[in-house]
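Asker: Chain by chain, the residues run as shown.
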Amino acid sequence: MMNFVWAILTLIAILFGVLLGNGDLVAASVLSGGESAVKLLLTLAGTISIWSGIMAIADHCGITNGLSILFNPILKFLFPDHKNNKEAMNAISTNITANLIGLGNAATPAGLKAVAAMHNGGNTANRGMSVFVVMNTSSIQIVPTTIAALRLSNGSSSPMEIAPCIWISSVVALAVGIMATKICTRFTR
Amino acid sequence: MEYIASISVVVIIAAIILTGLIKKQEVFMLFTAGALEGLKTTLSIAPSIIGLVMMVTMLESSGLFMWLAKVLEPVYSAVGFPPEVIPMALIRPVSGSGALAVLDNILAQNGADSFAGRVASVVMGSTETTFYTIAMYFGSVNITKTGCTVPCALLADFTGLVMSVVTVTLFFC
Numbered sequence: 001m002m003n004f005v006w007a008i009l010t011l012i013a014i015l016f017g018v019l020l021g022n023g024d025l026v027a028a029s030v031l032s033g034g035e036s037a038v039k040l041l042l043t044l045a046g047t048i049s050i051w052s053g054i055m056a057i058a059d060h061c062g063i064t065n066g067l068s069i070l071f072n073p074i075l076k077f078l079f080p081d082h083k084n085n086k087e088a089m090n091a092i093s094t095n096i097t098a099n100l101i102g103l104g105n106a107a108t109p110a111g112l113k114a115v116a117a118m119h120n121g122g123n124t125a126n127r128g129m130s131v132f133v134v135m136n137t138s139s140i141q142i143v144p145t146t147i148a149a150l151r152l153s154n155g156s157s158s159p160m161e162i163a164p165c166i167w168i169s170s171v172v173a174l175a176v177g178i179m180a181t182k183i184c185t186r187f188t189r
Numbered sequence: 190m191e192y193i194a195s196i197s198v199v200v201i202i203a204a205i206i207l208t209g210l211i212k213k214q215e216v217f218m219l220f221t222a223g224a225l226e227g228l229k230t231t232l233s234i235a236p237s238i239i240g241l242v243m244m245v246t247m248l249e250s251s252g253l254f255m256w257l258a259k260v261l262e263p264v265y266s267a268v269g270f271p272p273e274v275i276p277m278a279l280i281r282p283v284s285g286s287g288a289l290a291v292l293d294n295i296l297a298q299n300g301a302d303s304f305a306g307r308v309a310s311v312v313m314g315s316t317e318t319t320f321y322t323i324a325m326y327f328g329s330v331n332i333t334k335t336g337c338t339v340p341c342a343l344l345a346d347f348t349g350l351v352m353s354v355v356t357v358t359l360f361f362c
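Chains as they are written, first to last, in the numbering used here: chain A, 1 to 189; chain B, 190 to 362.
Worth flagging that the hints you see were computed from the coordinates, not collected in a lab.
No experiment lies behind these values; they were computed from the predicted model shown.
A portion of the hints provided could be inaccurate.
As the list claims (entries may be wrong) - Quick look at which bits of chain A chain B covers, simulated, 3 or more residues with Cβ under 8 Å: (1) 35 to 43; (2) 67 to 74; (3) 78 to 90; (4) 102 to 111; (5) 139 to 147; (6) 170 to 182.
Beta carbons: idealized from backbone N, C-alpha and C, even for Gly.
So here's chain B without its partners, still in its complex pose (with noise of 0.2 Å):
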């Protein structure tokens, strides 16, 4: 499954640049220039990335998410959400990375076939870094007046956590 995955990626290069032969395109001259522009944007967005990856850093090492789960738990237990997800939960929207080490935790800790490791599992997978996300797009523009977004997109994560107890409810007990 891996190996088919990576090669996935290889194959559709492949298939890119054999049509662009086939069309006759110039693909060296057509490469470099698109670079080019994948190097603009990563300028673009450079700013943004900083200033969120700075905030983010902070926050992990502040402790803040352990004492917020802490004080959670009653909260997330009543509604039959494991506690041991929670700090996964509210690192999520933040910090890819910082998410996928507390899964690593979270699997080590319970068992990754228990109920909380398979709860955590599914987070991890329907959810996304979220305020990365915005900062991202909206910094490549310069847009600061997001409308709607900011709780929208949060309304789909929390769904996603919700649904992430509610299908593995369904299908594993």
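For reference, chain A alone in the conformation it holds in the complex (with noise of 0.2 Å):
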């Protein structure tokens, strides 16, 4: 699927780009784009292993197997397949704390972790993975700080007035996602 989403989009980019007169700005996007990806690797980076180092920390302490007995429940639920593979649902805990509480840098190292854990070799996603990746592509802002940020510049009343519409949406969409997964991973196995 992403061999097939990857090259019919950047196909669709020199089309269009073409056809619409951006031909020569796609032409120029294709080398600055390189140049924009290593720079967000960079960033990625730093970011990632101070996240990983930190998290090494807690999980040496028990921290990280302490928030997964707190998500167990939870955890059974959404992935039966894994649910006494402990590095995987230790990992899945510390994704979902960090993204619970805005720390979306956090986030990403230890969800990392979580697909490495759960991946059983081959190239294809099985059921436990889908409903991880799902999850992270629809993940809960309690805080939205930076939408908050953009509305008071641009002369908002109340910035976060909208947080609770947040919340609603994020969750419904979440379920939405997530019960698709399951029921389609039901069908294709």
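Relying on the hints, combine the two individually framed chains into one complex.
Answerer: See below:
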């Protein structure tokens, strides 16, 4: 699927760029895209390494273990195939916690660890991995700081007033995503 | 609020290091071992990030999003979706920074407390950079057959869009 999505979207960008008269811009963006990707990776290398280091300490002190005991009832329902996989359960709990408190940078290394722990070889995503990745594509933000800051700078009289709408929308989106993945993986096995 | 959010990060780090010291762990050794793992992780996601960012930058500069927004306007208007927010809905799954730029533009053009401004803010907060997330997680373990993931993640994004209009209408109209 990613093969298909990537190839089609790249071809569409070239085709429409030429048709809409932006062919030169698209050509220039091929290389500038590479440059911004490497810049992004440098930033990511810093944050991922630091949070992996901090998390290694938390792992050895039993903090992540404690989190996974806390989340155990939800995790057993979401990831029945991996409920005895301690490493995966700990990493997923850390990922959920970091997402909830708005530490996206800390959520990423924990999430990558979780996916690696659930991976059982081969190039096909298993049930647990699908549910986990869908969860991370519709994660819940309790305090939307960036959005509130943008609203404030554009003259909002109450920048945080949209927070309840964000909570409800993301909870419903998350629930629909998880249910759809559960149903879909049941039929494609 | 900003201040509390930013100090929460260092409070968490302090708590973790303190717990490590109390439990007599070699905290710096643990940190460096973890950081090395982090660097390896970054390297493992690098190829898919480069491929994806190249594709997204090309899409953004092709003018496709603006063209699609114009073409789709009647469809969205018919279901009550504010037309100003369409470019945002299209760009959100592929580019987080792009969506943030579009959001800033929508807030400046329509006002932060307008219907379109509120819906755009809620869309930004309740959806994610779906393709980036999928490419990063599956790229790190060389998964190419993603099965149900892409359609289900897009369904979740679409639900987020619909719910943004519904909740803003319920709360503010």
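Asker: Could you run down the list of hints and mark each one as holding or not?
Answerer: A quick look at each hint next to the structure:
Counting residues of the stretch 35 to 43 of chain A whose CB lies closer than 8 Å to any CB of chain B gives 5, which reaches the minimum of 3, so the coverage claim holds. Look at the stretch 67 to 74 of chain A against chain B: 0 of its residues bring a Cβ nearer than 8 Å to a Cβ of that chain, fewer than three, so the hint is violated. Only residues whose C-beta sits within less than 8 Å of a C-beta in chain B count toward coverage, and the stretch 78 to 90 of chain A has 0 of them, not enough to reach three; the restraint is violated. Note: the stretch 102 to 111 of chain A has 5 residues with beta-carbon separation from chain B under 8 Å; the three-residue rule is met and the coverage holds.
Under a criterion of three residues with beta carbons nearer than 8 Å to beta carbons of chain B, the stated coverage of the stretch 139 to 147 of chain A is upheld, 7 such residues being counted. Only residues whose beta carbon comes within less than 8 Å of a beta carbon in chain B count, and the stretch 170 to 182 of chain A has 8; three or more means the coverage holds.
In this structure, the earlier hints numbered 2, 3 are contradicted, and the remaining ones agree with it.
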